[in-house]
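A.B. asks: Below, each chain spelled out in residue letters.
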Amino acid sequence: MRSAQPVERTGDVPRRVGNEVSIVLGQRKLLQRFGPGLMHAFIFWGFLVLAPTILIALIGVVDTHATLPWLGHQGWYALLVDVFAVLVLVGVLAELWIRKVQRPRRFEGSHLGEADLILGLIATIASTLLLWHATRIALGLNEWPRAWSPAAHALSHLFGRDEATRVLERVFVWAHVLTILAFLAYLPRSKHLHIGTAAVNVWFGRTGASGRLEPLRFDDEEVPEEEIRFGAGTATDLTWKQVLDTFSCTECGRCQDACPAFATGKALSPKLLMMGLRDQILAQDSSPLVPNAVTDDVVWDCVTCGACVEACPVSIEHVDHIVDLRRHLVMVESSFPAEAEPMLRDVERASNPWGKAQSERADWASELGVRVLEPGDRPPEYLYWVGCASSFDERARRTAESTAKLLNAAGVDFAILGPREACTGDPARRMGNEYVFQAFAEQNVATLNEAGVTKIVANCPHCFNTLANEYPDFGGRYEVIHHSELLSRLVREGKLSPQRSESRSITYHDSCYLARHNDVLGPPRELVSAVGQPVEMKRSGKRTFCCGAGGAHMWMEERGDAINAERVREAAGTGADTLAVACPFCTVMLDDGVQSGGQDLRVLDVATLLAEAIDAG
Amino acid sequence: MNVLICVKRVPLTGGKIVLTEDEQAISTRHLGFTISPHEECGVEEAVRLIEAGGGSSTVLTLGPPEAEEQLRDMMAIGVDRAVHLVTDGGEWDPQATAAAIVDVIRSEGERYDLILFGNESADAGNFQVAIRVAHALGLPCVTGVKGLSVDGGSVRLEQEVAGGRDVYVVPMPAVVTVKEGLNLPRYPSVPGRLRAKRKPLATSTPARPDPRLEMVRLVLPPGSGKQAEVLGHGAEAAPAVVGVLRELGLL
Amino acid sequence: MTVLVFVENIDDELSQQALTFARGLGDELHAVLIGAPAVPAGLAAYGVSIAHLAAGLDAYAPAAWAQAIVELVARTTPAAVMGPGTDRGNEVLAHIAAKTDQPMAANCMSIAAGDPASLVRVRWGGSLLEEARLHGSPMLLTVAPHAVAAEMVAEPADLVLEEFTPSVSNVDLIARVCERASAVSAGVSLTDADVVVSGGRGVGSAAGFAVIEELAELLGGAVGCSRAVTSAGWRPHTDQVGQTGTKISPEIYIACGISGATQHMAGCKGAKKLLAINPDGEASIFASADYAVIGDLHEVVPAISAEIRKARSA
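Chains as they are written, first to last, in the working numbering: chain U, 1 to 617; chain B, 1 to 251; chain P, 1 to 314.
Excised from the complex, chain U in its bound form (with noise of 0.2 Å):
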């Protein structure tokens, strides 16, 4: 890791103390899988608590009569010892019952032989400390009552006080100790690595929006051409927190399972991916990462949806690993799904990825009375970013023609850029053309400055997302919000009545670079609820399920089955009438979703529904 790129992580301490207490110590993340996750809980904080019995076991291996100065005396300690105890065995216990008996598809691929080690490990160190406790009450040795260890009390009755006892109380200490020694030197050697690294992976994880992806540099005057980074080639061009990531990872398998490539029998499994690149690390490797660490399917499969993060109880950041990858192979070896070409062609020269022609931007809104921002008008107090998609996709349009319909209708002082608006860079960033996403970004920033714009609300998440928490990196910070929240706003105002139709079902499905990536989740259920009746999905809010679309997968062909008519099987089985959604990519995706496979269900941005609502009363 000495050796291993830069990476800036370490502002914001109050939000990673955060972090520590409620993901570490809380085990906030794990505890998503209630029944697994508060077994390992069990088992994390009976570590904590026993931790300190180590010492006690070492002093008691030299001296029998001998303990920690004044803990060792504690009776409330001794209670706690006892009872963690037994709660490490139920833990050990359960998990093996998962491993064994269960079986989760999460564990597919992982090493299960270590894992069923160290768990007998564990449970052979919380045995042996609970039988150690046991003969030293039979021997009258303990100083508490009974009430304050009642489970090594319990064992105590095997023993009597007797000369055998005296030498199973022993052999006992010696192999709690001995276990515990065994255990520390395998320690490094396995995944139970993650007992030293998690804490500090946690530490270090993102304090900002997820859906931020740290930038490269091209342009240092002081780092020599050669030396530029470009994403990640081999093991030596990952960042520390990447390498820190791979050491990190226990192989428990929740982001394979979250994950919808996976779930869609794709190559690509998050675990596996950080895996690989761990087992290269190690072997010290320096051949390139793909295709030897990662199949090249690997790399392109994922929509950077981020469920894997999401899921990740030790805060592996897994899309940084894969943009990473994807912008070695796409700026210094132009390899890349020939079928993404057109798009990142169209999008360097004729600045959106549709290819066409930037003069035509604003046709769909001639007859809407939008004002278009020429240069030296006055700034609008909220700038509208339509994006390429509402611009240019005749699905996704109804979203921009609803939202400046019922902009205007509630009389808000806004404008469009029209044909100055370009391309925020997001599909070339996410493919991993880190070097056009810039000039996209600069060129953006540059706009926005010079007309003076403070607000922007958009209604593309993935714009969005670009706009607020990417675009401060280039210089431009603005107050950035999604279409939903303004329109909600606007409906609690009271500035636009729709009317409700009660008989109306209408399901909402989370855009992740929305609810996953930045933390949206009520404005747009606002929506729905003023328009009809909700009724949520089993994946949503922040567990939503990809529609498929992201990682610049708008644009490139898929293996296997379909990521967008998984989702709307989901959907079509809530019993709604309608899909409602909140992204034009969304849009597009389900409703291809729908059109295959025959549901029967409407697929609405939420502004359209909006719009419609208001229409009919």
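Be a bit skeptical, because a hint or two may be false.
[Stated by the list, open to error] Part of the chain U face toward chain P, derived, beta carbon under 10 Å: (1) Pro337; (2) Ala338; (3) Glu341; (4) Pro342; (5) Met343; (6) Asp363; (7) Asp393; (8) Trp555; (9) Glu558; (10) Asp592.
FYI, nobody ran anything at the bench for these hints, they're computed from the structure. Each residue gets a CB set at the ideal place from its N, CA and C atoms; glycine is no exception.
Put chains B and P on the given structure of chain U with help from the hints.
C.D. replies: The following block gives chains B and P in isolation, referenced to the frame of chain U:
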């Protein structure tokens, strides 16, 4: 081997063309720029030839100062150096263009084994600059090439014609115009782009002679006046479509 | 006024159009044919009075063929020399222009004699027109495909044949066709097909072309595609219809999921009828279409194929 490829900066026009008020040019506000598709294949071929056989490649353009962008893009793909004949962006007719190119080739004293052009430029489409350059330099010229291979001091060229391909074998030096389909142009790498910023670019400002094919003004073709007959929406339009096919006697 | 027309192939529509065009300029029409195997019938039907046959130049060699015509021009002094706007027509006329240091206007829609002559020619494959003046003599030009419809004369004159043997230097013969390789692709050729069915970005993948191929096969037509499709690697460049691809002139062109960029439209101007299938009602292709279906090609095209099968079995 020494290869010269000549390119022209043209706008990406999209779905409709809009003219400037004075009708002298296309309005390029909000338009992106590129080089003609035939020329992209020419540049790719030049780079491949040097990669395979060693030597040096040069890209040349006659165009406004902004055309430097295209020259740097071509050097990002791998061309070694660039020559920019800088104009004010006004029209140069084919004879003037060819003469300026011939002048700079002569004054450079470079001996090019192959001089490549696109078959015709995407915008003006005059089909003659390469032929005029070849004639002035006394070199053989083959056009519309879709297959090219160098063998010793000759080059074997294939041209698509009805029913097959015509083959020419000419000794170098020679002038060749290529068509899209000759190869698949590569996507530039970022290290390539960064290096291109520092590759040598020679500029000169030729004087424009009076045009002999003189553009007076540009005009949009008259609309066909067609109003498309909407046969229907979605799959339900199928019977109507079949009706039309039957009417046209194509069923 | 005498006009000399380089006739590439009297049986080809474009050479016939060139002769028709020439009649609009001059009253005495000469034709020059080079490397023609026999005297083609039909020259007189298009108004030619004198046909000059160049002997001794069988293989195509543009500079040599041009030299032959230059010699002829020196002898017969026509006011204008023109050819069809084909690859060879443009090439030969360009060589003539280079040799005589005269301007040449390629792909003209119309021309009026004068000092200078004024003409209208095609730019951007037909999406834009240029009004220009030609400061040269004789007028050198090629005729834009479909600028005029080929029309025979009411009373063909008696055709006079004049053979000549041009003296051509070895230098002019360096670039000449030495071999004919046969065509690689099988199936209906794009240029000959009566029906062409094309797919654009909207097809979505290489496999998605199956529905397009199905319809093309049912109609005995060829499959085409847009430039975006070739760049995405879904179809080979030989299928590409457009300004830099193949220019087609079928009875009907069925464009599926193609938005109508000028680049593409330049390739299908010759189509007699255009049916556009696109989910976007605002797509620019509809402005040039004869028939429109607004919908997703993945639904519409299979439905059409099914309807055709139904109609045929009935």
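A.B. asks: Taking the earlier hints as the rules, which of them does this structure contradict?
C.D. replies: When the structure is compared with the hints, none of them turns out to be violated.
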